[in-house]
Amino acid sequence: MTDRVSIVIVSHSSDVARGAAAMVRQMVGREVRVAHCGGNADGGLGTDVAAIKHCIEQVYGPKGVAVLVDLGGAETNSEMAIEMLPKEWQANVVVCSAPVVEGAVMAATEAAGGSSLAKVRATAEELFR
Amino acid sequence: MPAETDLVARLLDAGVDAVRVNADMLSDLDRAIGDGDHGVNMLRGFSAIAEGREALAALPLASALEAMGTLLVMNVGGASGPLYGSFLLAMGRAAATAGGTAPLGKLLEEGVAAVKKRGRSERGEKTMLDVLVPVQLAWEQACTDGLQLREAIERVKQAAKEGLESTRPLQATKGRASYLRERSIGHLDPGAFSSCLLVNAVCDVFLESTKP
Chain A
0 MTDRVSIVIV
10 SHSSDVARGA
20 AAMVRQMVGR
30 EVRVAHCGGN
40 ADGGLGTDVA
50 AIKHCIEQVY
60 GPKGVAVLVD
70 LGGAETNSEM
80 AIEMLPKEWQ
90 ANVVVCSAPV
100 VEGAVMAATE
110 AAGGSSLAKV
120 RATAEELFR
Chain Y
0 MPAETDLVAR
10 LLDAGVDAVR
20 VNADMLSDLD
30 RAIGDGDHGV
40 NMLRGFSAIA
50 EGREALAALP
60 LASALEAMGT
70 LLVMNVGGAS
80 GPLYGSFLLA
90 MGRAAATAGG
100 TAPLGKLLEE
110 GVAAVKKRGR
120 SERGEKTMLD
130 VLVPVQLAWE
140 QACTDGLQLR
150 EAIERVKQAA
160 KEGLESTRPL
170 QATKGRASYL
180 RERSIGHLDP
190 GAFSSCLLVN
200 AVCDVFLEST
210 KP
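From first to last, the protein sequence lines stand for chains A and Y.
Under numbering that gives the first Met the number 0, the first residue of the first sequence is numbered 0, with each subsequent residue one higher.
Under numbering that gives the first Met the number 0, the first residue of the second sequence is numbered 0, with each subsequent residue one higher.
Do not rely on the hints blindly, as some may be mistaken.
Said to hold, decoys possible - Below, a list of computed lysine to aspartate or glutamate pairs in the DMTMM-like style, where the Cα atoms sit at most 25 Å apart:
{"id": "1", "chain 1": "Y", "residue 1": "K210", "chain 2": "Y", "residue 2": "E164"}
{"id": "2", "chain 1": "Y", "residue 1": "K115", "chain 2": "A", "residue 2": "E101"}
{"id": "3", "chain 1": "Y", "residue 1": "K116", "chain 2": "A", "residue 2": "E124"}
{"id": "4", "chain 1": "Y", "residue 1": "K115", "chain 2": "A", "residue 2": "E74"}
{"id": "5", "chain 1": "Y", "residue 1": "K116", "chain 2": "A", "residue 2": "E78"}
{"id": "6", "chain 1": "Y", "residue 1": "K173", "chain 2": "A", "residue 2": "E124"}
{"id": "7", "chain 1": "Y", "residue 1": "K173", "chain 2": "A", "residue 2": "E56"}
{"id": "8", "chain 1": "Y", "residue 1": "K105", "chain 2": "Y", "residue 2": "E150"}
{"id": "9", "chain 1": "A", "residue 1": "K118", "chain 2": "A", "residue 2": "D2"}
{"id": "10", "chain 1": "Y", "residue 1": "K210", "chain 2": "Y", "residue 2": "E121"}
{"id": "11", "chain 1": "Y", "residue 1": "K116", "chain 2": "A", "residue 2": "D2"}
{"id": "12", "chain 1": "Y", "residue 1": "K173", "chain 2": "A", "residue 2": "E74"}
{"id": "13", "chain 1": "Y", "residue 1": "K173", "chain 2": "Y", "residue 2": "E207"}
{"id": "14", "chain 1": "Y", "residue 1": "K116", "chain 2": "A", "residue 2": "E74"}
{"id": "15", "chain 1": "Y", "residue 1": "K116", "chain 2": "A", "residue 2": "E101"}
{"id": "16", "chain 1": "Y", "residue 1": "K173", "chain 2": "A", "residue 2": "D2"}
{"id": "17", "chain 1": "Y", "residue 1": "K173", "chain 2": "A", "residue 2": "E101"}
{"id": "18", "chain 1": "Y", "residue 1": "K173", "chain 2": "A", "residue 2": "E78"}
Just so you know, these hints were derived from the structure itself, not from any lab.
Please take these sequences and the hints and turn them into a complete structure.
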């Protein structure tokens with residue numbers, strides 16, 4: 000599992016994040032490590048930098064982490080969370096510009112085949128082109 | 000000027016009050032062109048700052064700015080957390096590197112640069128930068144012109160007000176409001192509004208301090 004790119008799903012809604020993670024799990028089983036978070040620190044709609052950082056730390060491995068986000072604040076908060084990681088991890092964690100549910104499934108499927116982080120990201124981002 | 004620790008407490012109180020009093024209005028503005036949570040998000044962030052008041056007020060200005068920035072980043076829950084957080088963190092760092100002697104203009108310059116970088120945005124895109132950039136420029140100009148503090152602050156307040164108003168006819172190209180395309184035209188930007196409120200709150204603290 001640690002020789003695969005990991006996936007982090009960040010949504011404004013904990014239900015969306017949980018649901019997207021369940022879909023990924025169904026597609027790729029346990030080959031790829033997946034973490035998810037959604038909602039602000041109070042449990043309302045929004046995103047939480049600390050929770051995002053925690054998710055990345057949970058699944059981080061040498062192949063890196065692809066982060067899938069839904070809307071603006073999720074992206075900004077994910078970038079912030081990445082900057083709070085150890086320096087040597089930062090280049091190895093990327094936010095993908097892709098739809099969160101489809102992107103997560105595509106990225107995880109690509110990751111399951113052992114692809115690099117760049118390839119995983121490119122596959123997810125094809126969805127927006 | 001008041002003692003620095005006193006200054007931190009007064010700036011903090013003024014910011015917290017401005018957000019508390021106007022939170023509902025900020026959410027109303029955001030409901031028109033965003034997702035309606037700017038007020039509650041800002042309130043969550045500034046409530047965390049209010050809770051840390053005693054500890055923050057005891058810090059030197061540079062560390063207090065950085066600590067407040069981190070609290071906003073960790074508590075706001077929307078994009079405004081990292082944006083305002085980066086602003087304060089960059090100002091705090093600028094203040095710290097100069098050993099507490101950096102002029103306010105330098106702090107503002109670094110803060111505004113950090114917001115631009117974080118939001119990948121510039122003035123004219125219907126965001127908080129439409130207030131913060133003119134505020135920074137007005138302060139710079141006032142310093143160049145050698146104005147007294149009181150006059151300089153009046154110019155800054157005017158720049159904030161005009162900057163906020165300048166967002167009304169703009170079409171948003173950043174953030175959630177950009178999804179509305181031309182329907183974002185005709186509304187004030189909520190982030191520019193909160194920036195204007197906070198700039199005014201800070202200005203009033205400085206004005207107060209110039210009173211004999």
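Cross-check of the supplied hints:
Between Y:K210 and Y:E164, the direct Cα distance comes to roughly 29 Å. Violation of the 25 Å bound is thereby established for this hinted pair. For the suggested pair Y:K115 and A:E101, the alpha carbons sit about 30 Å apart, so the restraint of at most 25 Å is broken. A threshold of 25 Å between alpha carbons decides the hint, and for Y:K116 with A:E124 the separation of about 22 Å falls inside it, so the pair holds. Between Y:K115 and A:E74, the direct Cα distance comes to roughly 15 Å. Compliance with the 25 Å bound is thereby established for this hinted pair.
Note on Y:K116 and A:E78: the hinted pairing holds, with a Cα-Cα distance of about 11 Å set against a maximum of 25 Å. Pair hint Y:K173 plus A:E124 holds up; C-alpha atoms about 20 Å apart against a cutoff of 25 Å. Among the hinted pairs, Y:K173 with A:E56 is inconsistent with the structure: their alpha-carbon atoms are about 30 Å apart, more than 25 Å. About 19 Å separates the Cα atoms of Y:K105 and Y:E150, which keeps this hinted pair within 25 Å; it holds.
As the CA atoms of A:K118 and A:D2 are separated by approximately 14 Å, the hinted pair is consistent with the 25 Å bound. At most 25 Å may separate the alpha-carbon atoms for a hinted pair to count; Y:K210 and Y:E121 exceed this at roughly 36 Å. Between Y:K116 and A:D2, the direct Cα distance comes to roughly 33 Å. Violation of the 25 Å bound is thereby established for this hinted pair. Distance check on the hinted pair: Y:K173 and A:E74 sit about 13 Å apart at the alpha-carbon level, within 25 Å; holds.
As the CA atoms of Y:K173 and Y:E207 are separated by approximately 36 Å, the hinted pair breaks the 25 Å bound. For the hint linking Y:K116 to A:E74, the alpha-carbon distance of about 14 Å falls within 25 Å, and the restraint holds. Restraint check: the Cα-Cα separation between Y:K116 and A:E101 comes to about 28 Å, which exceeds 25 Å; the hinted pair is violated. A C-alpha spacing of about 37 Å is found between Y:K173 and A:D2, which places the hinted pair above 25 Å, so the restraint is violated.
Note on Y:K173 and A:E101: the hinted pairing holds, with a Cα-Cα distance of about 23 Å set against a maximum of 25 Å. In summary, the hint linking Y:K173 to A:E78 is supported, as the alpha carbons are separated by about 16 Å, within the 25 Å threshold.
The structure fails to meet hints 1, 2, 7, 10, 11, 13, 15 and 16 from the earlier list, while all remaining hints are met.
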